[in-house]
Amino acid sequence: MKALKLLLIVTGVGLFLAAFYWLLTNRGPLAPVGVRAGSVIRADISPSVFGIGTVDARLAYAVGPVAPGRVLRVLVDQGAVVKAGQLLAEMDPVDMDLRVQAAKSAGARSRQSVRVAEAQVEEARSRAKLAKTNQNRDRALYQKGVISEQALDSSNNEAERAESALAAARANVALAKQEVGRTRAESRGISSVRDSLRIVSPVDGVIVSREVEPGATVVAGQAVLRLVDPKSLWVRARIDQSRARGVHVGQEASIVLRSAPDAPRSGRVTRIEMQSDPVTEERIVNVSFEPQPAQLYIGELAEVTISLPRQIGVLAMPSAAVSRKGNEKGVWQMLNGRAHFTPVKIGSQGQADLVQIFSGVSEGDSVIVYSSAQLEEGVRVRQERVEP
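Each residue of the sequence shown is one higher than the one before, starting from 24 at the first, in this note's numbering.
Note that these hints are calculated values from the structure, not bench results.
The beta carbon of each residue, even a glycine, is placed where N, CA and C say it ideally should be.
Keep in mind that a hint or two might mislead.
Stated by the list, open to error - Cut-off 30 Å, straight-line C-alpha distance, at most; resulting in silico cross-link-like pairs (DSBU-like, lysine-lysine):
| id | residue 1 | residue 2 |
| --- | --- | --- |
| 1 | Lys106 | Lys152 |
| 2 | Lys127 | Lys200 |
| 3 | Lys167 | Lys155 |
| 4 | Lys200 | Lys106 |
To be verified - Label pairs and their in silico Cβ distance ranges:
| id | residue 1 | residue 2 | range |
| --- | --- | --- | --- |
| 5 | Val104 | Asp67 | 16 to 26 Å |
| 6 | Gly168 | Ala194 | 54 to 64 Å |
| 7 | Gln298 | Arg347 | 36 to 46 Å |
| 8 | Ser385 | Arg361 | 17 to 27 Å |
| 9 | Arg81 | Arg347 | 44 to 54 Å |
| 10 | Val104 | Ala125 | 54 to 64 Å |
| 11 | Ile75 | Val216 | 19 to 29 Å |
| 12 | Gln298 | Pro91 | 26 to 36 Å |
| 13 | Leu110 | Gln318 | 23 to 33 Å |
| 14 | Val402 | Glu313 | 26 to 36 Å |
| 15 | Ala125 | Ser171 | 19 to 29 Å |
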């Protein structure tokens with residue numbers, strides 16, 4: 024009887040321990056991690072590259088004075104549509120208007136001096152002509168013995184003085200004309216400086232920022248207003264360098280603005296910047312709108328999806344299977360009931376949640392696409408049933 028009782032106790036304890044072990048290894052902390060698997064297949068995929076960026080302008084201008092001074096007036100405000108050459112703001116001219124007027128007066132005086140010098144030339148020419156005529160007459164009279172040699176010498180001297188006076192008058196005309204040129208250049212320079220105080224729009228555009236108000240003192244080159252060419256607006260998007268393969272200028276793209284998530288807009292890759300971001304490992308791609316929307320806001324966030332050429336019969340797997348272990352990309356596979364990390368080289372991602380594979384796994388291989396807990400090398404795993 025005692026032996027039977029002992030046997031029952033031992034059996035009960037054994038069953039309890041077995042049940043406890045089963046619960047511990049199948050339902051408790053030592054239970055296998057539940058996973059779901061997908062397959063590596065051959066498929067046709069329509070790859071795309073996703074990026075996030077902001078609305079920016081390819082042609083943006085900061086307009087301001089070329090010399091330091093005080094802002095006299097600002098004629099436009101943010102949002103104003105302006106034309107090329109339109110007056111936007113003006114700097115205080117101080118004494119510049121007086122200098123312009125003085126330069127004009129100096130120019131008028133120099134031109135008058137030219138007219139006076141030219142009149143003196145005409146007078147000197149007449150005297151020289153008369154002196155030459157008298158010289159020729161006196162020479163003829165001297166040869167006939169009518170006048171003395173002294174009278175002839177006096178006539179010759181008078182002719183020479185008249186020629187010298189004519190030459191001097193002509194030189195005065197040349198000097199007066201040089202003065203006209205100098206005053207004209209000085210006047211143009213002062214007028215140019217005066218005109219530079221008028222800040223005009225370089226292009227047809229839209230004012231996006233009014234930086235200063237009238238009365239403010241600014242330095243040379245400081246922006247008073249900022250404007251953009253609205254026809255040059257695009258999205259400056261960042262895409263992962265590892266996904267940038269195959270992206271080139273001219274490809275179609277879809278743009279979704281943060282303010283209109285339900286209204287995707289058509290776009291096209293316009294430029295790929297030569298310098299990437301080495302910190303974030305991203306490439307900067309500029310995507311223009313086609314057609315250009317009527318209203319856009321600089322700096323608004325936008326999502327960009329670039330369509331790549333369709334890939335026919337490529338090796339692919341569910342994109343959910345892609346994982347990362349340290350700095351290495353790969354997939355988790357279930358081998359003999361345990362998780363094993365396999366490095367892979369992936370390509371473009373398709374729109375059907377498939378990603379292209381270049382190496383690491385083969386067609387027909389099973390890859391883990393979901394796990395109920397974080398996977399580690401060698402951890403026990405168990406495939407879960409998918410409810411219909």
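Verification of the hints:
Pair hint lysine 106 plus lysine 152 does not hold up; C-alpha atoms about 63 Å apart against a cutoff of 30 Å. Of the pairs offered as hints, the one joining lysine 127 and lysine 200 holds, with about 16 Å between alpha carbons and a cut-off of 30 Å not exceeded. Only pairs whose Cα atoms come within 30 Å are accepted, and lysine 167 paired with lysine 155 is accepted, the gap being roughly 19 Å. The straight-line distance between the Cα atoms of lysine 200 and lysine 106 is roughly 41 Å, outside the 30 Å bound, and the hint therefore fails.
Between valine 104 and aspartate 67 the Cβ separation comes to about 48 Å, which falls outside the hinted range of 16 to 26 Å. Hint check: glycine 168 to alanine 194, Cβ distance near 40 Å, so the stated range 54 to 64 Å is violated. Checked against the given bound of 36 to 46 Å, the beta carbons of glutamine 298 and arginine 347, roughly 26 Å apart, lie outside it. As the Cβ distance of serine 385 to arginine 361 is approximately 20 Å, the hint placing it in 17 to 27 Å holds.
Here the CB-CB span from arginine 81 to arginine 347 is close to 36 Å, at odds with the stated 44 to 54 Å. Taking the beta carbon of each, valine 104 and alanine 125 are about 39 Å apart, not inside 54 to 64 Å as hinted. Here the CB-CB span from isoleucine 75 to valine 216 is close to 47 Å, at odds with the stated 19 to 29 Å. Glutamine 298 and proline 91 have their C-beta atoms about 34 Å apart, which keeps the hinted 26 to 36 Å range intact.
For leucine 110 paired with glutamine 318, a C-beta distance near 26 Å keeps the hint of 23 to 33 Å intact. Under the hint 26 to 36 Å, the C-beta atoms of valine 402 and glutamate 313, about 50 Å apart, miss the expected range. Separation of alanine 125 from serine 171 is about 59 Å and departs from the stated range, judged on CB atoms against 19 to 29 Å.
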